[in-house]
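Protein chains in written order, with this note's numbering: chain H, 381 to 857; chain P, 27 to 92.
For the record, the hints were derived by calculation from the structure and aren't laboratory data. Some hints could be false.
Unchecked claim - Where chain P lies over chain H, by a calculated footprint (3+ residues, C-beta under 8 angstroms): (1) 566-572; (2) 634-646; (3) 824-833.
Claimed, not checked - Negatives, chain H to chain P, calculated, CB over 10 angstroms: (4) V524; (5) T578; (6) I702.
What the hints assert, rightly or not - In silico SDA-like cross-links for lysine to any residue, where the CA-CA straight-line distance does not exceed 20 angstroms: (7) H/K609 - P/A88; (8) H/K388 - P/S74; (9) H/K640 - H/L823; (10) P/K89 - H/V610.
Quick caveat: nothing in here was measured; it's all calculated off a predicted structure. Yeah, the Cβ is synthetic: ideal placement off N, Cα and C, and Gly gets one too.
So you can see what is in the structure, the chains are spelled out below.
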Amino acid sequence: MLQNIGRKPIFYGWFIVAAGFFSLFVSMGARNGFGVFINPMEADFEWGGRTALSIVIGIGTLMNAITQPFIGRLYDRFGGLTVISVSLLLLGLTTITMSLTSNLGLNFAIPISISVNLLFFKLDQDLFTLTGSLLFLIVMYGIVMSTASGGVSLVTIHSLLSKWFYRKRGIVLSLATAGSSVGGLILTPFAAYLILGTHWRIAWLALGSFVLLLALPLALLIVRDSPEKVGQLPDGEANDLNPKSTNRSTAVPEAPLETKDWKDSFKSPPFWQLSGAYFVCGVTTIIISAHYVPFAMDLGISAGVASLAFGFMQGLNAVGVIVVGLLSDRFSRKNLLGIIYFIRFLAYVMLVTPGFMMMLWGTSIPPSIAVWGFATLAGLSWIATPPLTSSLTADIYGVRNIGTLNGLITMAHQIGGFLSVVLAGVLYDITGSYEIPFAIAGLFLLGATLASFSVNERKFSIRYQLRPAMASAAKSN
Amino acid sequence: MPPLLSVAAHHSEPGDPRLLAWLMHLLDSFIGLGPLTIVIVLGLIVVSIPIGIIAVFLTQRAKYNS
Numbered sequence: 381m382l383q384n385i386g387r388k389p390i391f392y393g394w395f396i397v398a399a400g401f402f403s404l405f406v407s408m409g410a411r412n413g414f415g416v417f418i419n420p421m422e423a424d425f426e427w428g429g430r431t432a433l434s435i436v437i438g439i440g441t442l443m444n445a446i447t448q449p450f451i452g453r454l455y456d457r458f459g460g461l462t463v464i465s466v467s468l469l470l471l472g473l474t475t476i477t478m479s480l481t482s483n484l485g486l487n488f489a490i491p492i493s494i495s496v497n498l499l500f501f502k503l504d505q506d507l508f509t510l511t512g513s514l515l516f517l518i519v520m521y522g523i524v525m526s527t528a529s530g531g532v533s534l535v536t537i538h539s540l541l542s543k544w545f546y547r548k549r550g551i552v553l554s555l556a557t558a559g560s561s562v563g564g565l566i567l568t569p570f571a572a573y574l575i576l577g578t579h580w581r582i583a584w585l586a587l588g589s590f591v592l593l594l595a596l597p598l599a600l601l602i603v604r605d606s607p608e609k610v611g612q613l614p615d616g617e618a619n620d621l622n623p624k625s626t627n628r629s630t631a632v633p634e635a636p637l638e639t640k641d642w643k644d645s646f647k648s649p650p651f652w653q654l655s656g657a658y659f660v661c662g663v664t665t666i667i668i669s670a671h672y673v674p675f676a677m678d679l680g681i682s683a684g685v686a687s688l689a690f691g692f693m694q695g696l697n698a699v700g701v702i703v704v705g706l707l708s709d710r711f712s713r714k715n716l717l718g719i720i721y722f723i724r725f726l727a728y729v730m731l732v733t734p735g736f737m738m739m740l741w742g743t744s745i746p747p748s749i750a751v752w753g754f755a756t757l758a759g760l761s762w763i764a765t766p767p768l769t770s771s772l773t774a775d776i777y778g779v780r781n782i783g784t785l786n787g788l789i790t791m792a793h794q795i796g797g798f799l800s801v802v803l804a805g806v807l808y809d810i811t812g813s814y815e816i817p818f819a820i821a822g823l824f825l826l827g828a829t830l831a832s833f834s835v836n837e838r839k840f841s842i843r844y845q846l847r848p849a850m851a852s853a854a855k856s857n
Numbered sequence: 027m028p029p030l031l032s033v034a035a036h037h038s039e040p041g042d043p044r045l046l047a048w049l050m051h052l053l054d055s056f057i058g059l060g061p062l063t064i065v066i067v068l069g070l071i072v073v074s075i076p077i078g079i080i081a082v083f084l085t086q087r088a089k090y091n092s
């Protein structure tokens, strides 16, 4: 024991950050990895083109969006350990079950078509043929896996970490968020090369095993719902490892807008300001994921360079989110959020400049400047918004209903993204270019910038309102 | 890439297969290792993360609970 005198143990919360990082690493990685399974699975089952798989992924996205508030509610009711562990178990089992994809002896083939006839929009198309294997994929990936991954998402991990950290909330949430980005960067090529070397069934098995054999035991061993469970205070203020100790004060004081009933949050402006801005975040990021490469190719950029620029943008994610996380614990979070949205607005201006210059003056800047400039600016702001939004939500509304509120705000993000992709496609068909949909998305960003700047953080955030209370609580220990 | 295939690629959705294929080609040309070698290297990285976390966690618990 002598050698431990004067040396403080690592605050338990940092182990929660590590467990959260790895949980997001495997859950996001497993879902991101689905892209590499598309071609080999399609070759085996002959689903008749990408539309069928698009439908599966579309169902998965909508399920993931719709279930977020419910999962958030479950989090508030049963705690992080239960929801995250059960979700990891379900996610792992489903991922392994994906390796068994087959027709299950269901030998049917039902043609599915769509017929839409609006004022200016007409669509009459055969979509795909529903087979047993496709039904299997819709149920397992589209419904079960997409719902389970919602339980190991930014909603639950951010909510959990918000209970463990108060002063360092910004950097902690950012570190965990980076796990999702790094997971995609490592697990996607892992799955791709495993498919190349063996078979797609082995790759699903491996991804599922990571979840069941690595992430689940880690969560069960480490994740605890709040600092009080291990006799500590947020940020390790007390650092008292004895859970039975009575020499401690209770956790974080109530946030200015904390209410018993989560529905009361709808009555205050910050909820709508944050949700509205996050809706725009969904609009402006997901539209790019879907349409960036084709847009760049329209400008005369090769598919390879466009893909490289997109990859570069994704790679900047982790850098951007960590830098913003560090800054957000020192400066006003709403101002940083506003600046991030404004940077993304500038990125969009850069993106549409060549097209509009060509339309107006018949001459333009080189498209490569626009594509790479956009990739740099947008990459830095790409996933910097989730930790800022979640930490502001916790600062303003407290941690009592944090899961439900994070879930609702995230649902706004996903719905915004879904609508933007569909509408951008429609506008492209009407105008023949991406400039108009991208310009509209860019204008939305100005609204998000204003909404973020207008959050009255000084009045509503616990950081500004209750700092003395925290200080005295820490002192009493 | 059809729109629905790319929906929500922001936080959790499948990567663009065309981008992935292109990146794999790039990695192959730089690294020049076989697919299974890359799988083993990446797999070891993945496994080492939770093992490292658990090792530090258990060491600290043993140290401060004694």
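Exercise. Taking 8 angstroms as the C-beta cutoff, is the stated coverage of the segment 824-833 of chain H by chain P satisfied by three or more residues?
Worked result: It is violated, with 0 qualifying residues against the three required.
Exercise. Taken at face value, is the distance from the CA of H/L823 to the CA of H/K640 at most 20 angstroms?
Worked result: Violated, at about 37 angstroms.
Exercise. Taking only the CA atoms, is the gap from P/K89 to H/V610 under or equal to 20 angstroms?
Worked result: Holds: P/K89 and H/V610 sit about 16 angstroms apart, inside 20 angstroms.
Problem set entry | Annotated coverage of the segment 634-646 of chain H by chain P, confirmed only when three residues or more have a Cβ within 8 angstroms | violated (count 0)
Exercise. Given the hinted pair H/K609 and P/A88, is their alpha-carbon gap at most 20 angstroms?
Worked result: 19 angstroms, holds
Exercise. Does the structure keep H/K388 and P/S74 at a Cα separation of 20 angstroms or less?
Worked result: Distance ~25 angstroms between H/K388 and P/S74 Cα, so the pair is violated.
For this session: Measuring Cβ to Cβ, find out whether H/I702 lies farther than 10 angstroms from everything in chain P.
Result: Non-interface label on H/I702 holds, nearest chain P Cβ at 17 angstroms vs cutoff 10 angstroms.
Problem set entry | Status of H/T578, Cβ more than 10 angstroms from any chain P Cβ | 8 angstroms, violated
Exercise. Are there at least three residues in the segment 566-572 of chain H whose beta carbon sits under 8 angstroms from a beta carbon of chain P?
Worked result: With 6 residues in contact (Cβ-Cβ under 8 angstroms with chain P), the coverage given for the segment 566-572 of chain H holds.
Problem set entry | Interface-negative label, H/V524 against chain P, beta-carbon threshold 10 angstroms | 15 angstroms, holds
Taken one by one, the earlier hints fail for this structure at numbers 2, 3, 5, 8 and 9, listed in ascending order.
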